[in-house]
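Student: Below, each chain spelled out in residue letters.
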Amino acid sequence: MASGEETLVYEILSGDVNAYAVLVKRYQKPVFNLMLRMTGSEQDAIDLTQETFVRAYEKLEKFDPSAPFFPWLYTMGLNLARDFLRRAKRSPIEPGDSENSFIMEVDQDGRLADQIDIQQVQEGLQLLSVDYREALLLRFHEGLSVSEVAQALGLSLSGAKMRIHRGLLKLRQLLGKQRTMNRV
Amino acid sequence: MNDEKDLSRIAGLIADIRYEEPPGSLTERVLGSLKPKKPTFFKWLWWWLRTPMPVTPLKLLPAGILAMAIFILTMPLLWRAPPERIVTQRINEVTDQGLNTVMLTLDRPDAMEVEVIGSFNDWSQDGVRMIWDKDRRLWVLALHLRRGSYEYAFRVNGREIVADPKAILHRDDGFGHRNSILRVGNGNGKETRI
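Going down the list, the protein sequences come from chains A and B.
Our numbering puts the first residue of the first sequence at 1, with every later residue one more than the last.
Our numbering puts the first residue of the second sequence at 1, with every later residue one more than the last.
Don't take every hint at face value.
With a straight-line cut-off of 30 Å between C-alpha atoms, the simulated DSBU-like cross-links for lysine-lysine are [claimed, not checked]: (1) A/K25 - B/K37; (2) B/K37 - A/K62; (3) B/K43 - A/K59; (4) A/K62 - A/K161; (5) B/K43 - A/K25.
Here are the in silico distance ranges between beta carbons for each label pair [to be verified]: (6) B/I17 - A/G15: 34 to 42 Å; (7) A/G4 - B/L31: 16 to 24 Å; (8) B/F41 - A/H165: 44 to 52 Å; (9) B/L60 - A/D64: 19 to 27 Å; (10) A/D64 - B/E113: 54 to 62 Å.
Bear in mind the hints are in silico, worked out from the structure with no lab data behind them.
Built from N, CA and C at the ideal position, the CB exists for glycine as well.
Could you put the whole structure together from the sequences, leaning on the hints where they help?
Tutor: This is the structure:
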């Protein structure tokens, strides 16, 4: 758990609403970006981020203060985003048809690792399904442990490990495809 | 091997992705829509007890219980039970001839220690310790004294000077205390406390 969060949670529960500002400031960026990825709309992302923090505050009595706060918050945000898209009869930004149909050798003329950049990875992530994309971002961008990823995404530990590994493989395939298409 | 390098590189690039900044007013918007929680007293107390502190009350609890257990367990060892045998104290280094046995008693079961001080040994500060008789629940002492008249008093717990309640006559000692008066007869084993 991040530094002092357990104390913060108890302070909030005891009536100090301002202590919640620390948690909001600490986690608003990843939650806001989750909503951006899910909706593609800045305004919707702002509203959903706000709703996520308000909902978490309302349900804070059910949270175990000794557990890490962020995975719990993230789960709540992900569910809210999915509910929002369901109500709006929209789909989260999901991969195109090409993802599953494309299998190729990515290492035809040198390592892929030497030829990809952040922009390509970011684009590739948007082509992954939500489950794989969020697993990879939680693990490698947010730095969560595998068990925390499992908690945030409602998976078993082995399920989370598999999700992360397969996500990396899928992303590697996508990046290889992109590179090939760019060459053509 | 290349596969592993690719995956490691991709993971590193994911870590370096730049996130969009949320609007600066987001925290205020969130806090503006919240009301402070009002927990019940017992909930508040429970949370306060569990709040991490350098030394939390809950962390102190086992130490307190341990200290209490040690205190309770060592009390019997610290308590000095009064001796239970009745013994006879010989005051004067003389033969038994011409001596009378005098029994003194004091009803003070609350006392830890009782001594007798008196003129029989020139009011020596080293009083003669009385013995606790658990059957009679009395402090007792047998003195062997020559015929004569003596003044005496009990010293309870080393500091409280108490006159003998069974004595009929007392005399002020000039220091705010009363001495009891004991008269020993002619070796017939009887004494008179007057």
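Student: Are the hints correct? Go through all of them and say.
Tutor: Hint-by-hint comparison with the structure:
For the hint pairing A/K25 with B/K37, the CA-to-CA distance comes to about 20 Å; that is within 30 Å, so the pair holds. Between B/K37 and A/K62, the direct Cα distance comes to roughly 14 Å. Compliance with the 30 Å bound is thereby established for this hinted pair. Taking the CA atoms of B/K43 and A/K59, the gap is about 15 Å. The hint holds against a cut of 30 Å. Pair hint A/K62 plus A/K161 holds up; C-alpha atoms about 27 Å apart against a cutoff of 30 Å.
Proposed proximity of B/K43 and A/K25 is supported: the alpha carbons are some 27 Å apart, at most 30 Å. Range check, B/I17 to A/G15: about 38 Å between beta-carbon atoms, so the 34 to 42 Å window is met. For the hinted restraint 16 to 24 Å between A/G4 and B/L31, the CB-CB distance of approximately 19 Å keeps it satisfied. Our hint of 44 to 52 Å for B/F41 and A/H165 holds, since their Cβ atoms are close to 50 Å apart.
Between B/L60 and A/D64 the Cβ separation comes to about 23 Å, which falls inside the hinted range of 19 to 27 Å. A hinted range of 54 to 62 Å for the beta carbons of A/D64 and B/E113 is consistent with their spacing of about 59 Å.
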